[in-house]
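S.K.: Next come the chains, spelled out residue by residue.
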Amino acid sequence: MIIRIGIGSCGIAAGALPVWEAVQEEIADRGMSVELEQTGCIGMCHHEPLLDVIYEDGRSYTFGHVTPEMAREIVQAENPASLEKYLVSSPEKRNSFLDKQLRVALRNCGIIDPESIEDYIKEGGYQALEKIIKENDPEGLIEEIKISGLRGRGGAGFPTWFKWNATRQEKNPDKYVVCNADEGDPGAFMDRSVLEGDPHSLLEGMAIAGYAIGAHTGIIYARAEYPLAVKRAEIAIQQARQKNYLGKNIMGSDFSFDIVIKQGAGAFVCGEETALIASLEGERGMPRLKPPFPSQRGYWQKPTNINNVETFANVPWIIKEGGKAFAAMGTEDSKGTKVFALAGKIKYGGLVEVPMGISLREIIFDVGGGIKDDKQFKAVQLGGPSGGCIPASLMDTPVDYKSINETGAIMGSGGMIVMDETTCMVDLARYFLNFTQKESCGKCVQCRIGTKRMLEILERICRGEGQEGDIELLETLGHQIIDGSLCGLGQSAPNPVLTTIRYFREEYEAHIYDRKCPAHQCKELIKYRIDPDLCKSCGLCAKKCPVDCISGEKKQPYIIDDSKCIKCGSCLEACPTKWSAVVVE
Amino acid sequence: MNCICKAETQMEKQFAQADVDLHLIDELLAQYSKETGNLITVLQKAQDIYGYLPLSVLQYIADEMGVKRTQVYGVATFYTQFRLTAMGKYIILLCEGTACHVNGSERIATALEEELKVNMGETTEDGLFTLSDAACLGCCSLAPVMMINGQAYGPLTPDKACSIIREIYAHEKLLEEGGVTA
Ligand SMILES: Cc1cc2nc3c(=O)[nH]c(=O)nc-3n(C[C@H](O)[C@H](O)[C@H](O)COP(=O)(O)O)c2cc1C
Ligand code: FES
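So the sequences go chain by chain: P and W.
Using the numbering used here, the letters of the first sequence map in sequence onto residues 1 to 585.
Using the numbering used here, the letters of the second sequence map in sequence onto residues 1001 to 1182.
Hints were generated in silico from the structure; no laboratory data involved.
A few of these clues could be false.
Unchecked claim - DSSO-like mimics (lysine-lysine), calculated; alpha carbons at most 27 Å apart, straight line:
1. Lys523(P) x Lys1068(W)
2. Lys536(P) x Lys578(P)
3. Lys443(P) x Lys1068(W)
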């Protein structure tokens, strides 16, 4: 029997380490012959910590929300599969979360031990690298990527083969392969999961790219906040060097390639490729004008090919299974699969990989189980601060580059935030603008000052001080910023505002003209009140109030002191639903 | 190398000056200072040693690496990871990621600011807590989330967040009175 525990950042946050220790102790105490393994994130973050029991015949049972006590019970059980109350997935009842998924980039995540190169090799790892070295045909390799139709997963969706080919054509023999693992979207963690759950697939992908373009050095630019991902990637690099999948004369050939990791220091704009290069060189991360493109002049002015983590993770699969197999998935212009980080007001949040062309509805309802607490679904935000909101009415939009762009949003790197009726769209636009305004590097005037002005207008609207003409002003400013900015940050910063205006204009108008926030989110526009007729004087609300602004006595209705109230909504949550005496207005 | 335009004196007001042992980073500099491209790495490792980047350390790094002080200041102020003032004993990272935002992180922020009597980014007077925000801590399904010295807490309510702080505070009080040992 094998026991496997998910030890990714999400698992650890949910308490996987004490579970691991409990199982370890229990096995040792009882002298059991059980193999204990760690793995990365399978994507079912909503059920973390997760524990799998795998029998000799391959049957696998997954337990969710495991506590150390539960883990002991599972280990002690004669037949763990019978502990149905803890089960989230079993061969008899497969979890629907996994059913519609198709795993290519995440093929090993949550299955193998990310710190074991043997596990990766057992799953067919490094065979693709071996194959291309044997075939010795870099151009044919690029052709294979072209057939697959793979497009960059970092956001823009640029054809991968084209970039590889352009870098290959450059005469300068010193070339670099850079992996963009900066993952700046504040609400997305696809790249982190690959690094934490299957780092070797990234290394293999980078080595293959190196072979295709004729580079000998690879650099992973990892986000500062990803300590575990960096640690696992470092271990993987060491192991690959030992087995000569990296280093000098790989597998006895004359191809040499090695990889180093550099950590970013927390700047969203460093996800932009020219800023990333500046940061790698130890400078402030300021983008520069393109051309010259990084493929012509990149890191230290040398030809550099930059791809996203997920892009690279797809590559070994394509080489092994063939470009045609990859192109068989997805739609005409968008081949293969895409990973999304599903979060927000969703029932089952986590990491999902689906074939391109599937509809948003299928992802949100069939995979994600619909909206939390069965509230009304309102919109979904794709592409983070550079992306846009797609309203519920367009839920049948297929997920492919073209259709998503037509809605005004972008595919982005994979952040997918689901929102319900209680999300205020003006507030959401303000949230993203606040983010981009802070992260603007300051080089372009339109982006530096324009986003600040837009933010001020949005703040004013949220405060209930909106003026006639504000919506039009936001639109004008938005288009000016798009036109006047050098890099993708400024060019996309107004998207969240423009799309929410496009689909939820009436919500803006309600803020401005009626001084009302229909979603009851904007603090200055709402008031909490206790209905004296409904109040049963239980005092629960007063107990929960973090600023002690609710007073009352037995048999007397409680009262909220408006002057002290921070509008946190704790009283509303505390009041038992059968009474519902606290009202927002 | 001294600055001739007096702007440095102006700058110094923004940075914390502190007497620290500069030689703690000598080994680090010996390893990395040859290549100016390593500046960010050096600053990161120096921050690991001191907990933040005092002005004297920035100047020392500039001089030892042979890069202009302005460049070191420029890099140190550009990236959010670099801290120019000392931090509290407990660093509270409140997630401001999108998932946490739509699940009400702002209410948590208000409650914490109220409880600790500081604004986001500040440290309490007793040097115990620093309240800071972060983008996506990677546990969106626990949203809203905060992390205190590496330990994640979620899903939070304003009330729950405050009681976690009060617990830590009570624990610290006990320590101070010598009631229990750490
Ligand atoms: C403001 C901004 C932020 C970006 N952030 C990221 C990021 O976090 N990760 C990423 O892979 N690409 C990011 N990109 C896209 C990169 O510039 C680049 O297009 C990408 O890394 C290319 O890889 P791909 O072709 O594999 O997608 C960002 C672009 C901009 C303008
Ligand atoms: S958005 Fe808060 S943990 Fe991801």
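S.K.: In ascending order, which of the hints set out earlier in this document are inconsistent with the structure?
M.R.: 1
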